[in-house]
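A.B. asks: This is what each chain is made of:
There are 2 protein chains.
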Amino acid sequence: MDGGNDTREQAYAADIASIRQAQLRIEPYIHRTPVLSSENLNKLSKKKLFFKSECFQKGGAFKMRGACNAIFSLDDDRAARGVLTHSSGNHAAALALAAKLRGIPAYIIIPNNAPQCKVENVKRHGGQVIPCEPTMQSRELVAGRVQEETGAVLVHPYNDRHIISGQGTVALELLDQVPEIDTIIVPISGGGLISGVALAAKAINPSIRILAAEPSGADDVAQSKAAGEIITLAEVNTIADGLRSTLGSLTWPVVRDLVDDVITVEDEEIVEAMRLCYEILKVAVEPSGAIGLAAVLSDKFRTSPAWESSHNIGIVLSGGNLDLSVLWESLR
Amino acid sequence: MDGGNDTREQAYAADIASIRQAQLRIEPYIHRTPVLSSENLNKLSKKKLFFKSECFQKGGAFKMRGACNAIFSLDDDRAARGVLTHSSGNHAAALALAAKLRGIPAYIIIPNNAPQCKVENVKRHGGQVIPCEPTMQSRELVAGRVQEETGAVLVHPYNDRHIISGQGTVALELLDQVPEIDTIIVPISGGGLISGVALAAKAINPSIRILAAEPSGADDVAQSKAAGEIITLAEVNTIADGLRSTLGSLTWPVVRDLVDDVITVEDEEIVEAMRLCYEILKVAVEPSGAIGLAAVLSDKFRTSPAWESSHNIGIVLSGGNLDLSVLWESLR
Chain A
1 MDGGNDTREQ AYAADIASIR QAQLRIEPYI HRTPVLSSEN LNKLSKKKLF
51 FKSECFQKGG AFKMRGACNA IFSLDDDRAA RGVLTHSSGN HAAALALAAK
101 LRGIPAYIII PNNAPQCKVE NVKRHGGQVI PCEPTMQSRE LVAGRVQEET
151 GAVLVHPYND RHIISGQGTV ALELLDQVPE IDTIIVPISG GGLISGVALA
201 AKAINPSIRI LAAEPSGADD VAQSKAAGEI ITLAEVNTIA DGLRSTLGSL
251 TWPVVRDLVD DVITVEDEEI VEAMRLCYEI LKVAVEPSGA IGLAAVLSDK
301 FRTSPAWESS HNIGIVLSGG NLDLSVLWES LR
Chain B
1 MDGGNDTREQ AYAADIASIR QAQLRIEPYI HRTPVLSSEN LNKLSKKKLF
51 FKSECFQKGG AFKMRGACNA IFSLDDDRAA RGVLTHSSGN HAAALALAAK
101 LRGIPAYIII PNNAPQCKVE NVKRHGGQVI PCEPTMQSRE LVAGRVQEET
151 GAVLVHPYND RHIISGQGTV ALELLDQVPE IDTIIVPISG GGLISGVALA
201 AKAINPSIRI LAAEPSGADD VAQSKAAGEI ITLAEVNTIA DGLRSTLGSL
251 TWPVVRDLVD DVITVEDEEI VEAMRLCYEI LKVAVEPSGA IGLAAVLSDK
301 FRTSPAWESS HNIGIVLSGG NLDLSVLWES LR
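As given, the protein sequences belong to chains A and B, one line each in that order. Mapped onto the UniProt record's numbering, the consecutive letters of the first sequence carry residue numbers 1 to 332. Mapped onto the UniProt record's numbering, the consecutive letters of the second sequence carry residue numbers 1 to 332.
One chain only, chain A, in its complex shape:
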């Protein structure tokens, strides 16, 4: 499952040393987020649950960890030319924020059909928004042009060693806060977060189980694990807008080797988990952020091999960026 095979470990994009380095590097810039628990949710799940609440991270999601590690790893000369990414989500906002902390420009390429609230979010964090057509071709064309003009460093949202190491600091903190954890459930999309978490956690304690939580409408990871190779879906359909990416060349080997199982859940289960997060935990999560709770409460988990031996379960509430206008309108 993991373990003493050094050759293999060294083949991964990150390891416990690079994750510990990341922790030292990013410590001044991020929040050590609290771990929450609830007896009601323990009762409901029949397990002890520990919610690592990355919603409270700067920028509202764990993405700030990887972004800071990537940006503060650059030498001064490279950094001065700025950073670049194409994403309209939490990675874009985090990269903009981390760049601001280092005092360098962040160029964020966003398709011109992206929701205005996402564009505003990137701008609010100091990012320079550069619009492109909503096609892969236009995106790459624009990215190429910006790189040529500025010399900015492209920071991929997940298929990047520094990003993976940065996200792995979630597990270092969690296992420091709750050493008795035997299972960690992590939302999966491109696999940056779960790769970092798996590499850190299994290095600390190889018997820790790592489970991925994935929407059934975007279950490319479950399919990839079953097929033994990266599967890309023609179409995805899920409320969890943060979980629509596909695995990358650096994340796939970790997911293949170190993720013990994938639990797929329906969108209705995600919304119900969100409700429990807001109404019981009092944490404002986005759909992608609530999927770990959905997984632990699912029939899929109860009938899985992991059920019996999972007692103290860490759940990463990965982010909380969500448009709640409907709520404010109803209150006004």
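Read the hints as simulated data drawn from the structure, not as lab findings. Take the hints with a grain of salt, since some may be wrong.
Calculated from the model, a selection of chain B residues having no Cβ within reach of chain A, i.e. all distances over 10 Å [to be verified]:
1. P28
2. R81
3. D299
4. A306
5. H311
Covered stretches of chain A, going by a simulated chain B footprint (3 or more residues, C-beta under 8 Å) [unchecked claim]:
6. 54–67
7. 262–275
Examples of chain A residues lying across from chain B (beta carbon under 10 Å, computed) [claimed, not checked]:
8. H31
9. E39
10. N40
11. R78
12. T232
13. L233
14. V236
15. N237
16. I239
17. V283
18. A284
19. P287
20. N321
21. L327
22. L331
Think of the CB as a built atom: it goes at the ideal place given N, C-alpha and C, for glycine as much as any other residue.
Take the given structure of chain A and dock chain B to it, following the hints.
C.D. replies: Chain B alone, transformed into the frame defined by chain A:
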């Protein structure tokens, strides 16, 4: 404002010793809640803000502290007969939950026009709901009957020494977590929370400023402070359903002497503060819980005598129990 005047201190319903006792007594039953901060909100307020997040307290509000202190102070004989209160809000749920922890009955008298979600909340926490007509007369009649039949101890939501001492533990924790705090803003209704906080904080550091945050549609405390006596309003009108009570005989002297100022805010300011809590802090608060943030962002505060010398401000996010059905309906 407070201080070395022992006679006066002894006249209050609680003191630093009773609050420290409460802390020891309730520690096994409550959460030590995290303190959150946000650079965005610091920038917006031009202050350093520290959010003591009692939304994450068991039962979803600070009320669990007082309820546990009251219930675990009872000797076994008295406790065995159970406890009683008339409230449909957070105190009722907390009392039910604390009673369950001690294994004793909790009788909760609720007017038959109370929202069903509040009734369910009390039941979920193990309380025995006893309906009454929605009049003061019926409530007291029913309470008298239940006390006669059961011998249960009436635990008032705020006008009770043990409740005040229990709520004061919020300040002990907060000042331990963030010793540099110079000002604490506390929502005010019956005054139990702010009395405990003021007595604890001023005993630890007499120069700490205590500000009450009150809805302008239920500004009986501002009026009482101005008049020098308890004023009761004929009518209250605010979205903050937890802030509609009036001061009691035990809380008024503390509020009169130790609360430095009252900041009244409009309901629109409360909703805007809620929005910031959800969207920036990612904490699900109820209107009463968000009023401290509304106060710190208000023009009233910016033009108040406290503005200049308040730098590190503790804000108690008092609770997070709110019906969010409109949100779930929109997502489904």
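A.B. asks: Would you mind marking each hint as holding or not holding in the structure?
C.D. replies: Hints versus structure:
1. A cut-off of 10 Å between C-beta atoms confirms that P28(B) is not in contact with chain A; the least separation is 13 Å.
2. Every CB of chain A lies more than 10 Å from the CB of R81(B), the least distance being 26 Å, so the non-interface label holds.
3. The Cβ of D299(B) lies farther than 10 Å from every Cβ of chain A, with a closest approach of about 20 Å, so its non-interface assignment holds.
4. Residue-level check passed: A306(B) sits 28 Å from the nearest beta carbon of chain A, beyond 10 Å.
5. With a least CB separation of 21 Å from chain A, H311(B) remains clear of the 10 Å interface cut-off, as annotated.
6. Residues of the segment 54–67 of chain A lying with their CB closer than 8 Å to a CB of chain B number 4, which satisfies the three-residue condition for coverage.
7. With 4 residues having a beta carbon nearer than 8 Å to a beta carbon of chain B, the segment 262–275 of chain A meets the requirement of three or more and the stated coverage holds.
8. For the restraint placing H31(A) at the interface with chain B, the shortest Cβ-Cβ distance is roughly 8 Å, inside the 10 Å limit, so the hint holds.
9. Checking E39(A) against chain B: minimum C-beta separation of about 7 Å stays under 10 Å; hint holds.
10. Interface restraint check: N40(A) against chain B, minimum CB-CB distance 8 Å, threshold 10 Å, status holds.
11. The restraint placing R78(A) at the interface with chain B is violated, with a minimum CB-CB distance near 26 Å, outside the 10 Å limit.
12. Contact between T232(A) and chain B, as hinted, is not supported at the beta carbon level, the nearest pair being about 28 Å apart and thus beyond 10 Å.
13. For the restraint placing L233(A) at the interface with chain B, the shortest Cβ-Cβ distance is roughly 23 Å, beyond the 10 Å limit, so the hint is violated.
14. The interface hint given for V236(A) is broken, as the beta carbon of that residue sits about 18 Å from the closest beta carbon of chain B, more than 10 Å.
15. Of the supplied interface hints, the one on N237(A) is violated, with its beta-carbon coming no nearer than about 15 Å to a beta-carbon of chain B, more than 10 Å.
16. For I239(A), the interface hint holds, since its Cβ comes within 10 Å of a Cβ in chain B; the closest pair sits about 7 Å apart.
17. The criterion of a C-beta within 10 Å of any C-beta in chain B is met by V283(A), whose closest approach is roughly 6 Å, and the hint holds.
18. For A284(A), the suggested interface contact is upheld, since its CB lies about 4 Å from the closest CB of chain B, less than 10 Å.
19. Residue-level restraint check for P287(A) holds (minimum Cβ-Cβ distance to chain B is 8 Å; threshold 10 Å).
20. With a least beta-carbon distance of about 8 Å to chain B, the hint placing N321(A) at the interface is held under the 10 Å criterion.
21. A least Cβ separation of about 5 Å between L327(A) and chain B falls short of the 10 Å threshold, and the interface hint therefore holds.
22. Given hint, L331(A) at the interface with chain B, holds; its Cβ is 5 Å from that chain's nearest Cβ, closer than 10 Å.
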